[in-house]
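A.B. asks: Protein sequence lines correspond, in order, to chains C and Y. Counting along the first sequence from 1, when you hit position 398 you're at 398 in this note's numbering, and nothing is skipped either side. Counting along the second sequence from 1, when you hit position 85 you're at 85 in this note's numbering, and nothing is skipped either side.
Among these hints, one or two may not hold up.
Copies of the same chain are indistinguishable here, so a pair counts whether it falls within one copy or spans any two.
The calculated lysine-lysine pairs, modelled on DSSO-like cross-linking and capped at a C-alpha distance of 27 Å, are [what the hints assert, rightly or not]: (1) Lys103 x Lys359; (2) Lys69 x Lys359; (3) Lys394 x Lys359; (4) Lys367 x Lys406.
In short, the hints are calculated from the structure, not lab data.
Number of protein chains: 2
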Amino acid sequence: MGDWKEITGGVTAARGYRAAGIKAGLKPSGLPDLALILSDVDAIAAGVFTTSQVRAACVDYCRQRLQAKHSARAILCNAGQANAATGSQGVKDTLESADLLAKELGISPESILLASTGVIGQRIKMDALRDGIPKVVAALSTEGSDAAAGAIVTTDLVTKSIALETTINDRPVRIGGIAKGSGMIHPNMATMLAFVTCDASVSPTLWQQMLARAADRSFNSITVDGDTSTNDCLIALANGESRTPAITEIGPEAEKLEAMLTAVCQHLAKAIARDGEGATCLVEVQVTGANDETAARQIAKTIAGSSLVKSAIFGRDPNWGRIAGAAGRAGVPFEQDNLQIKMGNFLLMENGQPLPFDKAAVSGYLKQAAAGAYMKEDTVLISVNIGNGNGTGKAWGCDLSYDYVKINAEYTT
Amino acid sequence: MGDWKEITGGVTAARGYRAAGIKAGLKPSGLPDLALILSDVDAIAAGVFTTSQVRAACVDYCRQRLQAKHSARAILCNAGQANAATGSQGVKDTLESADLLAKELGISPESILLASTGVIGQRIKMDALRDGIPKVVAALSTEGSDAAAGAIVTTDLVTKSIALETTINDRPVRIGGIAKGSGMIHPNMATMLAFVTCDASVSPTLWQQMLARAADRSFNSITVDGDTSTNDCLIALANGESRTPAITEIGPEAEKLEAMLTAVCQHLAKAIARDGEGATCLVEVQVTGANDETAARQIAKTIAGSSLVKSAIFGRDPNWGRIAGAAGRAGVPFEQDNLQIKMGNFLLMENGQPLPFDKAAVSGYLKQAAAGAYMKEDTVLISVNIGNGNGTGKAWGCDLSYDYVKINAEYTT
Numbered sequence: 001m002g003d004w005k006e007i008t009g010g011v012t013a014a015r016g017y018r019a020a021g022i023k024a025g026l027k028p029s030g031l032p033d034l035a036l037i038l039s040d041v042d043a044i045a046a047g048v049f050t051t052s053q054v055r056a057a058c059v060d061y062c063r064q065r066l067q068a069k070h071s072a073r074a075i076l077c078n079a080g081q082a083n084a085a086t087g088s089q090g091v092k093d094t095l096e097s098a099d100l101l102a103k104e105l106g107i108s109p110e111s112i113l114l115a116s117t118g119v120i121g122q123r124i125k126m127d128a129l130r131d132g133i134p135k136v137v138a139a140l141s142t143e144g145s146d147a148a149a150g151a152i153v154t155t156d157l158v159t160k161s162i163a164l165e166t167t168i169n170d171r172p173v174r175i176g177g178i179a180k181g182s183g184m185i186h187p188n189m190a191t192m193l194a195f196v197t198c199d200a201s202v203s204p205t206l207w208q209q210m211l212a213r214a215a216d217r218s219f220n221s222i223t224v225d226g227d228t229s230t231n232d233c234l235i236a237l238a239n240g241e242s243r244t245p246a247i248t249e250i251g252p253e254a255e256k257l258e259a260m261l262t263a264v265c266q267h268l269a270k271a272i273a274r275d276g277e278g279a280t281c282l283v284e285v286q287v288t289g290a291n292d293e294t295a296a297r298q299i300a301k302t303i304a305g306s307s308l309v310k311s312a313i314f315g316r317d318p319n320w321g322r323i324a325g326a327a328g329r330a331g332v333p334f335e336q337d338n339l340q341i342k343m344g345n346f347l348l349m350e351n352g353q354p355l356p357f358d359k360a361a362v363s364g365y366l367k368q369a370a371a372g373a374y375m376k377e378d379t380v381l382i383s384v385n386i387g388n389g390n391g392t393g394k395a396w397g398c399d400l401s402y403d404y405v406k407i408n409a410e411y412t413t
Numbered sequence: 001m002g003d004w005k006e007i008t009g010g011v012t013a014a015r016g017y018r019a020a021g022i023k024a025g026l027k028p029s030g031l032p033d034l035a036l037i038l039s040d041v042d043a044i045a046a047g048v049f050t051t052s053q054v055r056a057a058c059v060d061y062c063r064q065r066l067q068a069k070h071s072a073r074a075i076l077c078n079a080g081q082a083n084a085a086t087g088s089q090g091v092k093d094t095l096e097s098a099d100l101l102a103k104e105l106g107i108s109p110e111s112i113l114l115a116s117t118g119v120i121g122q123r124i125k126m127d128a129l130r131d132g133i134p135k136v137v138a139a140l141s142t143e144g145s146d147a148a149a150g151a152i153v154t155t156d157l158v159t160k161s162i163a164l165e166t167t168i169n170d171r172p173v174r175i176g177g178i179a180k181g182s183g184m185i186h187p188n189m190a191t192m193l194a195f196v197t198c199d200a201s202v203s204p205t206l207w208q209q210m211l212a213r214a215a216d217r218s219f220n221s222i223t224v225d226g227d228t229s230t231n232d233c234l235i236a237l238a239n240g241e242s243r244t245p246a247i248t249e250i251g252p253e254a255e256k257l258e259a260m261l262t263a264v265c266q267h268l269a270k271a272i273a274r275d276g277e278g279a280t281c282l283v284e285v286q287v288t289g290a291n292d293e294t295a296a297r298q299i300a301k302t303i304a305g306s307s308l309v310k311s312a313i314f315g316r317d318p319n320w321g322r323i324a325g326a327a328g329r330a331g332v333p334f335e336q337d338n339l340q341i342k343m344g345n346f347l348l349m350e351n352g353q354p355l356p357f358d359k360a361a362v363s364g365y366l367k368q369a370a371a372g373a374y375m376k377e378d379t380v381l382i383s384v385n386i387g388n389g390n391g392t393g394k395a396w397g398c399d400l401s402y403d404y405v406k407i408n409a410e411y412t413t
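Assemble the whole structure, with the sequences as input and the hints as a guide.
C.D. replies: See below:
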């Protein structure tokens, strides 16, 4: 759809980036648990962070760093301990992590961003981290994206990675990303993390604005269980190594870059929703006919987040009543007599009233689309038109299965 | 706790009320499905209705009636068909229902309020209703509350009823209520309904204000699955048959009456939460230290509604991390270093940091409190202090079990 092509390489697809992921002994499982992404040169850096009042030390650290300075060289991420609810000692550990990595890389600590994921209330295992930092630096490689993607996961079933390439002023520009998250599952193994690298040259203000909008259209439009983590963060670097002219104002180049950034974020966000705990399929909700995009997205998110809608989809049940109910309570005014609801191409409700439909056919569509989603080829599509205006918006979620309850009830702190 | 005692009689405990519930053939199951509550004299009437954009015809009907006239004589409720998403025909059916009952009772249609619960998109079976109306009128009795309570339920496992009595100016004043609801379950068998009768004499404005506040502290503070129905309604009548002086302004008598009204609503609301689909226990969340009651309740509702917290309680897991996470995302600013969390009498987190605790002891508390809840004797209590101010608030919910998913996935439209 977009004016770009998919390429390999994840966060090292763009020019001038290296990455690594190693086993540092932070996770009890012994799996890879320390990731590093490095830009060869100073990169413009933008970030979007959890809005929770209960935040990990690294979140406050990154926010402060990015307020003081709009560039960075490196992102270090540990998995195993969230370093949230760890008080002043957690803050000290964060600062020490940045100092240690800065010394190892021979750069300023101000150029380092940090992320953590794992058990809330646990400090980072600093002895393991101290030993791990030289190793992860030594492992940096222009082909290190998969290793990094594998070292940031916790309860994820799959790693999440993407890279896209477009052309600006006849030169290739690339954006790549890796992410982790499968709902705020395994209670304290919380967190949605995403790291994006880009080789375009772009002004800090524009890059932050682009990232904020892209986040709204991707990570902020997915819902697995409605729970926001203490550690959620999205960081995007743009290092200019594509040697394309600097994008400093709104125009065709800026739009092209933002569209590709949004596509990268949406790919990663959908991968997270598809990997939602216990999920058997990916659900996409498209809302049209709203007054604006925000209102449309609000309804889409309410439908995608409804436990009743999610349970019905798990049962492959074309339950338009639950969809109408969720749309109605989203907080967006509309005339109920204008409501239209579709599943796939099947029209289930028009002018606010149910239509007769072939239930077996719609259930069949749900079964097929859900199976396709599992194969990462398709999604269960719900379309809703509220008949107010031209605003459109999307949200993504997953179904609610027995396994969700099992995963979340049987974990013990 | 309050200055009142519990009595029998439900909605017919207060003087001057009769009620009935009969089998009218509206439900496919053949169970009782038509309820009527009648005041012998004109009663002051107040109502609180669903805020959904998708509403049943009876909701719009009642809202309009109560705007035009602040009194009523009768409440008719049918179970089986929700009469929501039924367009102009649904409106006609509503008006005809009121006319038929008015003729049968020999009163004005303007004195009749209506409620429906059942399958969305289905019209009321008007033939059955026409036959049923004379029968339900004939069945009216001063001991008819239980029959009425039994005729408004859909997927509820138990009926919900309460009556309280206090003394105002040396004379007994009574408030009784019945309710139905167990979450917006069995998709389209939606709806929370509650009907309250009182024999005090009170001004319409004061009564509506009291009811709105009582609803916020009860029905609006419970969450089973976060889904609001198309048909939710709470109606309260006050007919003055206690022959106590009219309460027309704020003062000790008004406070006493409102406290008892709130207690009646809270009893019914908790009964609904306890009967939540698949629930094994009732959960009460008490939040203190907020700037005001609204902020406290907002946090309490977010915790009570969190799928992760609910799953943990189903697993009898003292998961303070999920509680802290839910508190943090409730949209209320607080200093995370002030956060305190308790389960029962066990302090799990203080000053924003986890405390060492005897996990077996806290799990034991959860098992015991949950078992007690099932016996309707106790609740799982979660207490949270955010350290801002003196505002307090409560919310109630239930745990999230395999049966929730089963009930909601296996139902088919």
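A.B. asks: A separate judgement is required for each hint: does it hold in the structure or not?
C.D. replies: Hints versus structure:
1. Proximity of lysine 103 and lysine 359 under a CA criterion of 27 Å is satisfied in neither setting, with 64 Å inside one chain copy and 42 Å between copies.
2. For the homomeric pair lysine 69 and lysine 359, neither the shortest alpha-carbon distance inside one copy (57 Å) nor that between copies (44 Å) is at most 27 Å.
3. In this assembly of identical chains, the alpha carbons of lysine 394 and lysine 359 lie at most 27 Å apart only when taken from the same copy (25 Å versus 42 Å across copies).
4. For the homomeric pair lysine 367 and lysine 406, the shortest alpha-carbon distances inside one copy (23 Å) and between copies (18 Å) are both at most 27 Å.
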